[in-house]
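Undergrad: Chains as they are written, first to last, in my numbering: chain E, 36 to 139; chain A, 4 to 112.
FYI, nobody ran anything at the bench for these hints, they're computed from the structure.
Just so you know, not all the hints are guaranteed correct.
If we take Cβ atoms under 8 Å as the criterion, some of the chain E residues that face chain A in the derived model are [what the hints assert, rightly or not]:
hint, residue
1, F44
2, N45
3, I47
4, A48
5, T49
6, T52
7, R54
8, S55
9, I58
10, S59
11, A82
12, H111
25 Å max Cα-Cα, derived BS3-like pairs, lysine-lysine [to be verified]:
hint, chain 1, residue 1, chain 2, residue 2
13, E, K74, A, K70
14, A, K71, E, K74
15, A, K68, E, K134
16, E, K74, A, K68
Some chain A residues judged to face chain E by a derived CB distance under 10 Å, without partners named [as the list claims (entries may be wrong)]:
hint, residue
17, V65
18, V66
19, P82
20, G87
21, T88
Glycine included, every Cβ here is placed at the ideal spot set by N, Cα and C.
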Amino acid sequence: MEGTELIAFNIIATVGTARSSYISAIDAAAEGNFEEAEKLIKEGQDAYVEGHDAHAKLLTQTAQGNAVTMDLLLTHAEDQLMSAEAFGILAERFVTLYKKIYNK
Amino acid sequence: MNIKIALFCAGGFSTSLLVNKMKEAAAAKGKEYDIAAYAVTQIEEIGPQASVLLIGPQVRYVVDKLKKEHPAWKLTDIPMHMYGTMDGKGAIELAEKLIGEEETWKEQN
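Just chain E, same shape as in the assembly (with noise of 0.2 Å):
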């Protein structure tokens, strides 16, 4: 596989699996289990960083001068962290609503 290719494939599956943490954490704390639901959440930041970080590449490679081709999969792969990315921002959102129900 081409370099950007693999990169496209490593931002697909790191910033999915934390989409799919951020989401799992959000069950979690529904069903009032915090402590996981935090656990989750960091996992997914993890995992959101890592992908963050192999996007990043490509950016400073586009400054170098040195033009990423677009295609459909990179494409997606960026639609990938948008929504793993807001996902991030309400799951912790949510953990904290559920713990204001609660608590009540």
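Based on these hints, arrange chain A on the given structure of chain E.
TA: Just chain A, lined up with the frame of chain E:
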């Protein structure tokens, strides 16, 4: 019996590329499996027909629920780094491990 390996992710797009890598890896081992990628929304329909279900890291959150609802299904998630490196050989071995467990179970019962 024809062994059917079904992979699931959000839309079945990126996973179809892993399917190609798995087909290559299976052919290299002289094995013939029916391997295909699907969207996770098709899982209730495809699940009963599949010998093994491999779940992509993007939709790993469905694994626990599916294991509870369908204890007979042979399913597992594809590890993040296996998916990220498009490790077709590793994914075939993962599927074979689950099939192997099934065969052992049949022998014992």
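Undergrad: Against each hint, give a clear statement of whether it holds in the structure.
TA: Tested hints:
For the restraint placing F44/E at the interface with chain A, the shortest Cβ-Cβ distance is roughly 5 Å, inside the 8 Å limit, so the hint holds. At its closest, the beta carbon of N45/E sits 4 Å from a beta carbon of chain A; the interface hint therefore holds under the 8 Å criterion. At a threshold of 8 Å, the smallest CB-CB gap from I47/E to chain A is about 5 Å, leaving the interface hint in force. A least Cβ separation of about 3 Å between A48/E and chain A falls short of the 8 Å threshold, and the interface hint therefore holds.
Annotation: interface hint on T49/E holds; nearest CB of chain A at approximately 6 Å, less than 8 Å. Interface hint at T52/E: satisfied, since its Cβ lies 4 Å from the closest Cβ of chain A, which is below the 8 Å cut-off. For R54/E, the shortest C-beta to C-beta distance to chain A is roughly 6 Å, which falls under 8 Å, so the interface hint holds. The criterion of a C-beta within 8 Å of any C-beta in chain A is met by S55/E, whose closest approach is roughly 4 Å, and the hint holds.
The closest approach between the C-beta of I58/E and any C-beta of chain A is roughly 4 Å, which is under the 8 Å cut-off, so the hint is satisfied. The interface hint given for S59/E is met, as the beta carbon of that residue sits about 5 Å from the closest beta carbon of chain A, less than 8 Å. Taking 8 Å as the C-beta cut-off, the interface hint given for A82/E holds, the closest approach to chain A being about 7 Å. Interface restraint check: H111/E against chain A, minimum CB-CB distance 6 Å, threshold 8 Å, status holds.
Note on K74/E and K70/A: the hinted pairing holds, with a Cα-Cα distance of about 21 Å set against a maximum of 25 Å. Note on K71/A and K74/E: the hinted pairing holds, with a Cα-Cα distance of about 22 Å set against a maximum of 25 Å. Only pairs whose Cα atoms come within 25 Å are accepted, and K68/A paired with K134/E is accepted, the gap being roughly 23 Å. Simply put, K74/E and K68/A have alpha-carbon atoms about 19 Å apart, close enough for the 25 Å limit, and the pair holds.
With its C-beta approaching chain E no nearer than about 9 Å, V65/A sits inside the 10 Å limit, and its interface hint holds. Nearest Cβ of chain E to the Cβ of V66/A: about 9 Å, under the 10 Å cut. The hint holds. The restraint placing P82/A at the interface with chain E holds, with a minimum CB-CB distance near 9 Å, inside the 10 Å limit. Because the smallest distance between the Cβ of G87/A and any Cβ of chain E comes to about 3 Å, under 10 Å, the interface hint for this residue holds.
The closest approach between the C-beta of T88/A and any C-beta of chain E is roughly 7 Å, which is under the 10 Å cut-off, so the hint is satisfied.
Every hint, counting from the list given before, is met by this structure.
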